[in-house]
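S.K.: Going by mature numbering (1 follows the signal peptide of the UniProt record, and there is no 0), the letters in the sequence shown line up with residues -23 to -1, 1 to 932, in that order.
Just so you know, the hints here were simulated from the structure itself, not pulled from any lab data.
There could be a bad hint or two in this list.
[Said to hold, decoys possible] Result set (DSSO-like, lysine-lysine): computed pairs, CA atoms no more than 27 Å apart in a straight line:
hint: 1; residue 1: K442; residue 2: K414
hint: 2; residue 1: K370; residue 2: K354
hint: 3; residue 1: K321; residue 2: K367
hint: 4; residue 1: K321; residue 2: K354
hint: 5; residue 1: K99; residue 2: K86
hint: 6; residue 1: K370; residue 2: K442
hint: 7; residue 1: K778; residue 2: K804
hint: 8; residue 1: K804; residue 2: K638
hint: 9; residue 1: K354; residue 2: K274
hint: 10; residue 1: K367; residue 2: K476
hint: 11; residue 1: K350; residue 2: K274
hint: 12; residue 1: K657; residue 2: K476
hint: 13; residue 1: K638; residue 2: K709
hint: 14; residue 1: K812; residue 2: K659
hint: 15; residue 1: K354; residue 2: K399
hint: 16; residue 1: K650; residue 2: K561
hint: 17; residue 1: K545; residue 2: K561
hint: 18; residue 1: K321; residue 2: K86
hint: 19; residue 1: K659; residue 2: K442
hint: 20; residue 1: K114; residue 2: K95
hint: 21; residue 1: K476; residue 2: K638
hint: 22; residue 1: K321; residue 2: K346
hint: 23; residue 1: K346; residue 2: K442
hint: 24; residue 1: K804; residue 2: K561
hint: 25; residue 1: K804; residue 2: K782
hint: 26; residue 1: K476; residue 2: K709
hint: 27; residue 1: K442; residue 2: K321
hint: 28; residue 1: K638; residue 2: K561
hint: 29; residue 1: K274; residue 2: K321
hint: 30; residue 1: K442; residue 2: K782
hint: 31; residue 1: K657; residue 2: K804
hint: 32; residue 1: K650; residue 2: K640
hint: 33; residue 1: K350; residue 2: K399
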Amino acid sequence: MAHSSTLAVPLLFLALKIFRCGAEEVSCCYQAREYPICRDACDQLTSTKSESRLKHLLQRLPGYCPESLLEFWVCINSSLPGASKKTEGWVGLGCCELAIAGECRRACKQASSKNDLKSCRKEFETAFFSCVNRNEKGSLCCSYAGRHTNCREYCQAIFRTDSSPTQSQIKAVENYCASISPQLIQCVDNYTRSYPMKNPIDSLYCCDRAEDPACQTTCQRVLMTKSTDQEIVDGLIEGCKKMPLPQDPLWQCFLESSGSSNPDNSTNGLPATAVDGAKLHCCSKANTSICRDLCIKLYSSRWRGTTHWQEFDRVCEYNPLEAAMFTCLADVREPCQLGCQGLKYCTNFNNRPTELFRSCNTQSDQGAKNDMKLWEKGTIKMPFMNIPVKNIKTCQPEMWKAVACLLQIKPCHSKSGGSICKSDCIEILTNCGDHSKFPTEQTAETICNLLSPIDDFKNCIPLRKYLAPSPFHNIVEEVIHPCNPNVCPNNHVCEVNRKGCQPGQDCLPYLCVPGCKLGEASDFLVRQGTLIQLPVANGEMGCYRVCTCGPSGRLENCLEMPCIDVQKTCIVGGQRKSHGTSFKVDCNICSCFAGELICSNRQCLSEYSSQTDRSMFTGLPCNCADQFVPVCAHNGRTYPSACIARCVGLQDNQFEFGPCKSKDPCTPNPCSKSQRCIPKPKVCLTSIALLECEQYECISRSMSCELLPIEPVCDTENVEHANQCALYQRSKTLSYMGPCQDICRQQSVCGHNGETYDNLCAAYSDRVAVDYIGRCQAVGILPSNTSHPECSSVTCSPLPKNGCKPVTPPGACCPLCAGMLRVLWSKDQLDSLAKLNGGRPVSVHDIIYILRFHVSVPQCDVFGYLSIESDLVILIIPVDQDPTILQIEACNKEAEKIDSLIQSGSPTLMAHVPLSALTTSQMQLSLMDSSDSAKTILSSAALLLSLVVALSGFL
């Protein structure tokens, strides 16, 4: 019988896909109604969306559910394909999120059959009913596979998506199932023959990929008038006067969207089945070849069974050498998010708005409670050992509860990897371990050497922090987390709403944006229109493809990048530095990227410097004079002086005197007579010798501005226009992006980038924070140098009344409360990415635009600029005029999160183009001492000023 603990785990693991669709979950869980812990675990199997959580529950189900529940285990094992299956069994839970109407979604989750869906209108819920019908058909067809794993896996692949099955998928079913079940072959054949043909009009967006306007027109006409593939291909060849080459953007898009590309459907570098591009990123972080190879096999091709998973877990998951790879995989499965609330068991984890957690949800809360009940039986079962313990109900029960909650809720504490501190582990096992039953030569200390090898509080999680409730229970409204938990459908990305709301609209603090998964088996989503970098399917080190998340919800237009030579090293001071390492050279931060040494350009003063050198030291690059005589470089950046411009490597013919804001890129007019020149200022990070950093855009004069998206802008007369096109069509001058604001009166301000803006809103819409009021007149220097006559004439704004430990951005005069990152990047990598993106240069704004999506609280926003010391300065700043200490801490924690993702090369960031070129960062936080901070927070009576501040239109 398959209900023994030795057989149940592998059988249950095979049931993973079945449970994700909800088959049999009602009847199986009902059989355990008299065993609450078993019923809870079973219910969680049907409700969780986390792959890692499903795996955790399936592995531990035999511990929650006794073998005496024979009917329960028979029901569970009968859920496997091949066993007897009720045709009326409800298989719709995996489809519920596709329902448009809320009452239909609720009915789906409570239903036991399609008869319970009377509230769902078929004429409106076509996608939902299509999913239910597909699951029903797949459940029936694949049940004929019996226990033949390969046949069943390839059969299930046919029904897993709503796309038309490819020829390679159908052929695989024939190869693996023909000798096993003729009924299965016939069932699948009936389904694939009846599958509706793709409407050619669905591929109309591909016509925009054609470079020739005449070809675009022909393409649209052909797709709207022809029906068969052959007619369409012939029409396109004739109308576009060229053969269908795979590298041509039009043909690549058309072939991919029609599903008729090469046999294995891998033109985008991702096989059609079971690939997970985000997790494939992590395989390069493996330190052993066996774990790297296993990782690549798992995430680049369809699973063959449970053997690969078990070997990966056994060999790699608890190997301390592979901590970086598993931290990376955790970032993909369960990214760190600020805040924790709503827990009913792990209540000490609630109300922590400035702490990061991976899995703060009701499933983890219940899981901790279930784990405690298991441990009360006297044994803590680990994958590689069992630890006998005394009665934990009486021996330090609160510490055991903290351990259970910590393992489930998963605080993201620095580089801990989720392990508790060694001293806590030793204490609890010394006091509560059943030493008489310990394995031979095992002690509390030897066990903890395996479980918690670190006792540095910066790299482990101290238990005592969670033995008491959070002190912030009354004021957590100062920082909110609108996307934690995720409130959007499965195929949408949740984003903080920073645009505010138009009058008459529902104003929600979040937006749900359509997205793409990075592979069929991936749960990692990116928003539509995003450029994504993915490893090639075979996992070859340093080789990537760049794809676009298209309007179809699929990755499109994938192009191969030149492979990065990760074997190349850098020689620094006679020492060899490997690819991906970061280090300091004197006072400069440096990194090695494929043999390229990348360093900031700070002026260093050593302890051996003479008194004369010290007296002449200005703190500016190349020890340039502390003078503000700005020049505008061809990269769009204003430098304080020609000396500094030359110091960063610019030639005299690559800059001109005067700030960039004073230059009109449309004089003389570089556009044709039929076009209008629109200024588009930017600061480019790519090589200006390779890609010109144009500060303008040419648009057709005949273009109808009404057809463009509404993106309000304000002119210099404080008049609002629907978009830039409308503004320039009326011959007005742009003041700033966003709706006109009364607060944005015409008062000049100096940005951190050394540029003078007409007003506060103009600076903010350029994603630049303000240094001081008035025109730029100075350049800041190192804080250690007290002689700064230029900044002495500047009046700085007061810091928040609650106080903080401020930071002073490089080149600025005034300190501020913010989390600051100083980031290096590979210019060669950005150049390669830009070439693949049609030769469009990468700007500072491009980086900030993407980073904003990774800041999860609306009380903080991202600003940045290219510093005079050749690094990219990223500032995460509270948006309220008088922020509370809690809000300042939240912004610092967001900076800490992004710094960690950059330093570790996490695919959470690195999958995005152009963030994949970021090599290292240096962090500086404006945090007070933690004890002082807590006192200040608790004594503060300040309330949240507003969710969407007055400047929300352009923040």
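S.K.: Against each hint, give a clear statement of whether it holds in the structure.
M.R.: Verification of the supplied hints:
1. K442 / K414: violated (30 Å)
2. K370 / K354: Holds - the C-alpha atoms of K354 and K370 are around 10 Å apart, at most 27 Å.
3. K321 / K367: Answer holds: K321 to K367 is near 26 Å, not above 27 Å.
4. K321 / K354: Distance of about 23 Å is within 27 Å: holds.
5. K99 / K86: holds (17 Å)
6. K370 / K442: holds (21 Å)
7. K778 / K804: violated (41 Å)
8. K804 / K638: holds (25 Å)
9. K354 / K274: The given pair, whose Cα atoms are some 38 Å apart, is violated under the 27 Å limit.
10. K367 / K476: violated (56 Å)
11. K350 / K274: violated (37 Å)
12. K657 / K476: Roughly 21 Å between the alpha carbons, so the hint for K657 and K476 holds.
13. K638 / K709: holds (17 Å)
14. K812 / K659: The hint holds at about 18 Å.
15. K354 / K399: holds (24 Å)
16. K650 / K561: violated (53 Å)
17. K545 / K561: Status holds; Cα separation ~19 Å.
18. K321 / K86: The given pair, whose Cα atoms are some 23 Å apart, holds under the 27 Å limit.
19. K659 / K442: violated (46 Å)
20. K114 / K95: holds (21 Å)
21. K476 / K638: It holds: about 26 Å lies between the C-alpha atoms, which stays within 27 Å.
22. K321 / K346: Answer holds: K321 to K346 is near 10 Å, not above 27 Å.
23. K346 / K442: Holds, at roughly 19 Å.
24. K804 / K561: holds (19 Å)
25. K804 / K782: The hint is violated at about 33 Å.
26. K476 / K709: Distance ~24 Å between K476 and K709 Cα, so the pair holds.
27. K442 / K321: holds (18 Å)
28. K638 / K561: Answer violated: K638 to K561 is near 35 Å, above 27 Å.
29. K274 / K321: Violated, at about 40 Å.
30. K442 / K782: holds (24 Å)
31. K657 / K804: Status holds; Cα separation ~22 Å.
32. K650 / K640: Holds, at roughly 22 Å.
33. K350 / K399: Satisfied, since the Cα-Cα distance of roughly 24 Å is no more than 27 Å.
Violation of the numbered hints given earlier is confined to hints 1, 7, 9, 10, 11, 16, 19, 25, 28 and 29; the remaining hints are satisfied by the structure.
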